[in-house]
Structures are given as C-alpha cells and as structure tokens.
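2 protein chains.
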Amino acid sequence: MMGERIYLYDTTLRDGAQTQDVDFSVADKIAIAQDLDRLGIDYVEGGWPGANPTDDAFFAEAPDLTRATFTAFGMTRRPGRSAANDPQLSALIQSRARSVCIVGKTWDFHVDVALNIPRDENLDLIRDSIAALRVAKGEALFDAEHFFDGYKRNPAYAASCIRAAFEAGARWVVLCDTNGGTLPHEIEAIVRTVIEEHGIPGDRLGIHCHNDTENAVANSIAAVRAGVRMVQGTINGLGERCGNANLVSLIPTLMLKMGYETGIRRADLPLLTQVSRAFDERLNRAPNRHAPYVGSSAFAHKGGLHVSAVEKDPSSYEHVEPDAVGNHRQIVVSDQAGRSNLIVRLREIGMEVDPKDERLPRLLDLVKQRDSEGYAYDTAEASFEMLVRRELGEVPKYFELLRFHVTDERRYNALGKLVVESEAVVRVRVGGEIRLEVAEGNGPVHALDLAMRKALEPCYPLLGDMRLSDYRVRILAAKAGTAAMTRVLIRSANGDGTEWSTLGVSTNIIEASVEALVDSFTCKLFKTGAEPRR
Amino acid sequence: MMGERIYLYDTTLRDGAQTQDVDFSVADKIAIAQDLDRLGIDYVEGGWPGANPTDDAFFAEAPDLTRATFTAFGMTRRPGRSAANDPQLSALIQSRARSVCIVGKTWDFHVDVALNIPRDENLDLIRDSIAALRVAKGEALFDAEHFFDGYKRNPAYAASCIRAAFEAGARWVVLCDTNGGTLPHEIEAIVRTVIEEHGIPGDRLGIHCHNDTENAVANSIAAVRAGVRMVQGTINGLGERCGNANLVSLIPTLMLKMGYETGIRRADLPLLTQVSRAFDERLNRAPNRHAPYVGSSAFAHKGGLHVSAVEKDPSSYEHVEPDAVGNHRQIVVSDQAGRSNLIVRLREIGMEVDPKDERLPRLLDLVKQRDSEGYAYDTAEASFEMLVRRELGEVPKYFELLRFHVTDERRYNALGKLVVESEAVVRVRVGGEIRLEVAEGNGPVHALDLAMRKALEPCYPLLGDMRLSDYRVRILAAKAGTAAMTRVLIRSANGDGTEWSTLGVSTNIIEASVEALVDSFTCKLFKTGAEPRR
Chain Y
1 MMGERIYLYD TTLRDGAQTQ DVDFSVADKI AIAQDLDRLG IDYVEGGWPG
51 ANPTDDAFFA EAPDLTRATF TAFGMTRRPG RSAANDPQLS ALIQSRARSV
101 CIVGKTWDFH VDVALNIPRD ENLDLIRDSI AALRVAKGEA LFDAEHFFDG
151 YKRNPAYAAS CIRAAFEAGA RWVVLCDTNG GTLPHEIEAI VRTVIEEHGI
201 PGDRLGIHCH NDTENAVANS IAAVRAGVRM VQGTINGLGE RCGNANLVSL
251 IPTLMLKMGY ETGIRRADLP LLTQVSRAFD ERLNRAPNRH APYVGSSAFA
301 HKGGLHVSAV EKDPSSYEHV EPDAVGNHRQ IVVSDQAGRS NLIVRLREIG
351 MEVDPKDERL PRLLDLVKQR DSEGYAYDTA EASFEMLVRR ELGEVPKYFE
401 LLRFHVTDER RYNALGKLVV ESEAVVRVRV GGEIRLEVAE GNGPVHALDL
451 AMRKALEPCY PLLGDMRLSD YRVRILAAKA GTAAMTRVLI RSANGDGTEW
501 STLGVSTNII EASVEALVDS FTCKLFKTGA EPRR
Chain R
1 MMGERIYLYD TTLRDGAQTQ DVDFSVADKI AIAQDLDRLG IDYVEGGWPG
51 ANPTDDAFFA EAPDLTRATF TAFGMTRRPG RSAANDPQLS ALIQSRARSV
101 CIVGKTWDFH VDVALNIPRD ENLDLIRDSI AALRVAKGEA LFDAEHFFDG
151 YKRNPAYAAS CIRAAFEAGA RWVVLCDTNG GTLPHEIEAI VRTVIEEHGI
201 PGDRLGIHCH NDTENAVANS IAAVRAGVRM VQGTINGLGE RCGNANLVSL
251 IPTLMLKMGY ETGIRRADLP LLTQVSRAFD ERLNRAPNRH APYVGSSAFA
301 HKGGLHVSAV EKDPSSYEHV EPDAVGNHRQ IVVSDQAGRS NLIVRLREIG
351 MEVDPKDERL PRLLDLVKQR DSEGYAYDTA EASFEMLVRR ELGEVPKYFE
401 LLRFHVTDER RYNALGKLVV ESEAVVRVRV GGEIRLEVAE GNGPVHALDL
451 AMRKALEPCY PLLGDMRLSD YRVRILAAKA GTAAMTRVLI RSANGDGTEW
501 STLGVSTNII EASVEALVDS FTCKLFKTGA EPRR
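Residue numbers (the UniProt record's numbering), protein chains in the order written: chain Y, 1 to 534; chain R, 1 to 534.
Derived from the structure by calculation, the hints contain no laboratory data. Be aware that one or more of the hints could be misleading.
To give an idea of the chain R side of the interface with chain Y (calculated C-beta under 10 Å), a few residues [unchecked claim]:
1) HIS110
2) GLU214
3) ILE221
4) GLU240
5) ASN246
6) MET258
7) GLU261
8) GLY263
9) ARG265
10) HIS290
11) SER316
12) ASP470
13) THR486
14) GLU511
Note that the Cβ used here is the ideal one computed from N, Cα and C, for glycine as well.
Please model the complete structure; the sequences and the hints are all you need to start from.
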C-alpha cells in the first residue's frame, strides 16, 4: 500500500459554497482555485454552470490552472429528454471545464419519491448522461447520491446504479454519504463489498463524506483503507450543515502517516497551513486555532513538567513535525505554569534566564497572582512581556496617564439623527510635559484610544503606524463577596500586519480597557526601541 | 452488543482546562459540574487538588452531585517515596472526591527520559499508588499516558504497566492517545490485542483520545467496538492543542446509532444541545453553528425541491431526528420556508399565528433585516419577543429614555485610592412625568442600570425584584466600508431565579448596552402584566 496514489478532489467552490453564511464572489473563487492548484490538488470543482450568476461568471473567466483538472458539477439528464436535448447537460458540455462530475440517485426511495420515475429509467438517466459527457469532454465522474443509505436499504439497486455509471465509462464513481450519518465501520464494510462483490475496482472509486457525526475524516480514511483511490472534500471542512470531509486534516494523515502519494509534492506540504489560514482570512473568519495540523494551538504545550520534556525530545510529544505542514511549536503560560514553562516562555520573548536565576520564583509568583486575578496571559503575549520586563525594571516610563474622563451621550448629530457619541479627555505626562487632549469616537474605548494618540503621537510619531484590530470583553464570574471582574483583550496591528495582544482586568470595563490600551502603546514603543522623552 | 452499558467520563474541568484561551473560575467549574450531573455523565473529573489555587478552591467547595461520581485527578507517587508519604497522593486522598484517577507512564522512552528511573520501578509506582488510593477512596482509575505510542514501540512493557494497574485493583484502566496521532484502525487493533492477548477485560478498560488528526471521535468509537466500556472526553471537544474527544458528538452516536446505554436517560438526551450551547456562552464563545448534532446549522435545509421532500419524509434527509438531541430543523432561503420557520419561532414564545396571517410577511422582513444587522435572536429570546410584539402593537409604552449621559473618570476615592468611577445621568419619561436621575456604578452599564432603576422603580416597584446576572460583548467583523458592530447580550434574573436574555447591536458599545437594558426592563414589565403609567 505504501506509495500508492490517492487523488484529491476539492469541492470547496461547489459543495462548500452551500455553507450557511458563506458567499463567494467570482474573485474569491478565482483566488481559491489558484491556491488549490498551487498546492497540488488533482481536481478543482468550480461550481454548477447554469445554476446561478456567480458560477456562470466564474466559468466564463475560468482561471488557467497548471496542474489541477478544472471540473464542472451538474446532474443526470431530466426524465423524458435525451441527453443531447438536455439544456443543463449542454451547459456543462459548453463550459470551459476539462472534466464534469454529475450527481444521480442511487437510493430507491428517492427515485420513487423525489424523481417519481420507474427505477429502471433512473439507470438510463445515469448511463446516457455519463456516456454523453464522456464523449464530449473526455472525462466524466459520477457522484452516487445517498449511496450508503440507499445501499443499506436496497443493496442490489444501489449497486446497479453505480454499475451503470461505471459501465458507461465514468472515470470515477464517487460513493456519497449525503446525509452524513454513516459510521466508519459501515463505510469500510460497504466499500469492501462494492469492490469484492460488485466488481468495481478501487482505482475507479471515490468517497464523499459529510461531518454530521464528526466522522467525515475517519469515514474517508476508512474508505481509502477499503480500497477507494479518490477523496472528495473541502478546505477547512467547509460545507452545509456540519461540513464536508476536511482535506486539510486528511492530506497530512494520508501522506505522513499512511504513506500514500497524492498530487501534492512532499516539498509543497508546508503550504497547507498557509492555504488553510488564507482561506479563512478571505472569508473574514478567525482561523480555528484548534484545527488539526494547521491551527495555531495544534502544537501548543501548556503545563509545567510536560514542557521540560518537550524541550528534551519533541518527537515523543508531537505526532508529526510541525514544520512538515508549515506550522510551528508554541509554549504557553498559565495557571498551570511551572518554572521550566516560564523559562521557555521567557525565551520566546527573547529573554534567556538561567533556571537557577533568583528572580524566577518572584516572577512565577507574580504570574500566578495575576492569573488568579483573571489575567489570562496565554492570550496576551504582549501584556505578559510587559509584565515581566516591568518587574525586571527594563521598561522605561514612556508616558503616564494621569487622569481621564469619558462621556457617552445620546444626542442629535449634524444630520439631525439621534446617535450616541463618546468623548474622552486625557491628561498625560510625557517626559516633563503635561498634555491635555480630547477626542470623539464610536464608543468610549475608541474615544480614549484617539485621545491618547493625540497626546502621544507628537512625541512618539511611531504610534501613527498602529491601530486597534480587535476588542473583546468577558465578564468573569464574581467570587464570593466581590464584584464581578471584567477582562478586556485588545489586539493591535502595525501597518505591515504584525499583531500583538494585551489585556486588562478590573471591576470597571473602562479601567480594564485603559490598562490594555496602555500596555499596547507601551509594547509598541518598547519593541521599536523608542527613546523615552525626558 | 445492543443495550450494553458505556460509562461516560468527562474531563472538561481538568484536561479541557488546558485549552488555550480558556480559564475557568470556581463559579464556572461548579456550574459546569452541575450541568454534567443533570445530563447524566457518570464521572465528572473536577481537576487536580493541590496543583493550583482554582482547583484547590473548587475542591474545597465541591458541588453536591446527585448522580455523577465526583473525581479528582493526579499522578502516580514520586520515585523514592512511599505512597503514604507522597504529599500529592495525600492531597488526592484528603480531597472531597469520591474517586481518583491518576496518570502514569507506559511508554518505556518516557520512563527512561522523563522519569529517569529503572523501568521496573515505574511498575512499583503504578501498583503502590493505585493500591493506596483504592484502599483510601474505594475506587481508583489509571490513565495510561502515551499508551498507544508506547505500545507501538514496546508492547510488552506498555502491557506490563497497565497490567500492574489492573492487578492493583484499578476500576478502570484508561488507554490514552496522549499525543493524538493514532488512527482509528490502529486503536482498534491495539485494543483488541490488549483484551485478547493481555487479558484485561473490556469492562475494565477506558479510552482517552485527542483530536490531532480530527479522529478523536472515530478513535473512541473504534475502541468501543473493540471492547472498551468507558469513554473519556470533554464538552464540545475542549482540550489542549486540537482538543479531546467530543462527548457531545459521541453520546448521540453511541446511544442513537450504536444502541448502547449510558448513564444518560433517553428522555434526557434532548438536554444535550442546551448543555453544549450554555457551555460556550459561559466561555463567551460563539457556539459552533456547524457542530454535529447540536449546531444551529446541523439540521439546516435549503429551499426548493429538497425542502418539500424533507417535509414529506425527514428521515430520508436527516441522519437522526433533531428533537432526539434537543435541536431543531432549520429551513432557510425561500420565503415560504422562512414563513413556516417564523411560525414555529412565534409558537415558541407563546404566539399562535395562522400561516395566512397578513402580518407574517412584514414580520419576516423585519426579522431578516435585523438578522442581517447582526441581531442574533436565537441567543436572546426576550428581545425577539419584544421585537415581534412591538411590531404587532402589543407592548405598551411603559417609559421612554429621552436622554442619557455617562461619565467614567479616574479619580481618588474616599479612601485615597485611585479608582475609575462611572456615573450615569438619565432623563426618562414615565407616563406624564419626566424623571431625571443619577447613579454611580462599577462601570458605565452598571451606572446606567442603577440610574434607570432609580427613575423607574417608584412607578414600577416590580423592577426591584430583577437584577443583571450576566453581560457579554462580542465585536462583529466589519463588512467592507463599515465600522465594526458591537453586540451586547444581557442576561437578567428574577429573585426566583428565572432568567431572560436581551440584546443590542450598535457601533457604540454604550448604545448597544442601553438597547439591551431597555428591552430587559420592558420584558419584565410586559411579562408581569404591569399597568403602564399614564
């Protein structure tokens, strides 16, 4: 089995486009198709020409793919029409796709109820459509809809449907778990029967799974182990309901753990993390930090004893090398932090500290103390660094926020519309100078951010390059006899896209926000080596 | 196999607490343990007494669980100490847990490198610790760390470790895929060997999987099929790196598809969706709409032919009944479908509306419009009800907030301490009267809440019975060319514990908060049938 070839078929742009909340533009589709091609995916399914304006426009401007086969999706001809006379099939044939995949029924119940035609006629639909596409395009694929549910109820009929497609010349017959409810051992058993009893060879079979039981990846692997040689899926598991099989998880497992070859060159496998994250960025979704292989936490280590062991021998704590998929190791600090964990974390912010350094216990106590107050430093590395360096006396006093005053008021704006406007006044000491500034913003924190910039930028013009990129608030449940604490997390970004996170904790949301803001400005000044004003 | 009992062991509060971005407070831990108990989980692992202040405080206030076994986590005794003299084991024994689970090494490499002791001595560590705990607590469990990786390298040694635990009387020997890299077919094969060749019966074996290849659920199922009878996992798959096995996905598969019994009564299975979503709300994370079984999109269907077919026979398009897990079908896109969906939602808030009611299209447009603005009414049923009833003219004008003004200022308090104080002034019309009031609070929203109560309570004394129980803020990603929107969710509670949720959306956090506050007061007045002031 080692070294055998698995074909990868991406349906992000078609089945993935069914996801609630996802709308691809033509430009999105072009960029995603090019990313998939660059990675080395064998088939890129672009959509359904004739089904909607976006897909029509995309197929009209079809991108030039260098390695992937650009594929169109459609369905078997309508009952009561010849394949040659079916407008939908004609649109597929006319499209600029190099290959066409059509879906057809294989569950007797759906033939009876949804198509409402004799079961034998459905076999004709499949045969005629595949044959016509094969002649016209050279390659046709058949998606066997509801195959596993159909096979469980009426194996003979489901098998006759896929045999019709196979005998009509389908390059791939793709077994679909359309409702997503089939379990891995069922998939494996049914695929084996299809190959052994119904005589369709594995190198003509594909698998298409949905994640409704969280088994889409395992189901795809089970089918491959049973013999199929093509896998359909989507980037990051996009897809309707619970999503399709996640190619980003499947690819490294197939290549690094199961020894299969795909169209992806080994040297290109590290592109995977980047392709996955760029895809989420394009959809304006935060990448899933816990995603297998490619998430930013996928190789994170937390907890004292454990971390010193990871340092000794990563391979005994990591199931694959993070580099192999373009990811990297991350060491985090938290409540669980032991001394060795702290040392590693300090190393990450560029501080080499000897394990016997007498300042370590003090720092560890400080971090633990802050943790118990609600400071979650694993999400705010910049605040962690500022905390430590301040404690060690390394951070100059760039400025001091002496006083602030924020007002939020509902009033009529210049257009006569009732709005809430926020205004902040700050009094800041910068070197020997006291600066009093005021600014208006979208909300109290925005106003404070702007007012502080007005006060600081004349002395530190570098701050003009940074902006707030995210702001999150969480209320920490009150401990007995105290007020609830508010935790504010601020993410800041430079013009070049580099980001850092800071946090603040207080019973007052404004105070917590100010703390995070001050850390963010201070971190920026410290990192750029700004000279403190005297 | 039908009807056999699988034991469920939840480690959300211990292994789940290792998740980056997650920090449980003691109050969180208590509430989550109670939810798990109510659902019917067999074991609730609370944490590691002695390891950190949060776990110490939690075990000191250990909740009274009615059905679940409250369990503590720890590790085998240290080398060179007797079990009786090991402070860590003593802390476990002294804890209020009814059962203890300890982790120990089973991979020879880790014994050599991490423990740095002779391999036989590790067997003594395991035996002594399990025996001591079993005597002291009546029940001990053994987590066999790195078992699968260890077994692949040195099966004899890994087997001798778990046999030591078994022979010392461990109720459960839990095989852990600590690094998360093992695939389902490997898990199944190794578990079968453990049972058949190493003689540990399946009803004494558990499985503990991580999701590093997106196979944690499938790996757990594979182990159960091979014979283990206990499954460890977490709510929503929380856990370090890529997470632990997701109990929320596993439970319905085990019970509804594989025919196993668990500690969860069939009639309680519909609690699952609520437990899953409440957990995310507690962590201030958006529930994953694509989550298997419990996600809001898990049973979503798009318009067109498909939907009428779903209505004819849901079972041919849905792998399980949504009701069975407390979820519901969602029909999207077509106006016709949207209308019946709306009727269902109205019924949920106690309004029976005829499908032909001429007000429905107007309501549907309103809800769609609000949805597109970021109002997520599925988390704020009270705001949904107020929206609909206001549109239908059913909500009296109890009061009108004419103007407000909030200030937040850093200043010295009466004790000479630098604090941030928030003060709100409101001008409210109640009947024919205009009331101007001011109040101070912990933050701007707290101050507004108090000021509004001062203005309203003299007219509506009922409001004295309610309080804010939670306040959450989420920033919604900006669409092209617009400012980011802020969504505020407020949870309010009556003295008797009944709760309701309201929301507000605006570019300004204060405006969004005020909107949610006004909805909350209005809802309270409406629900108690208050007479509006004239």
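query = What are the numbers of the hints that this structure violates, sorted from low to high?
reply = Hints 7, 8, 9 are the ones this structure does not satisfy, whereas the remaining hints hold.
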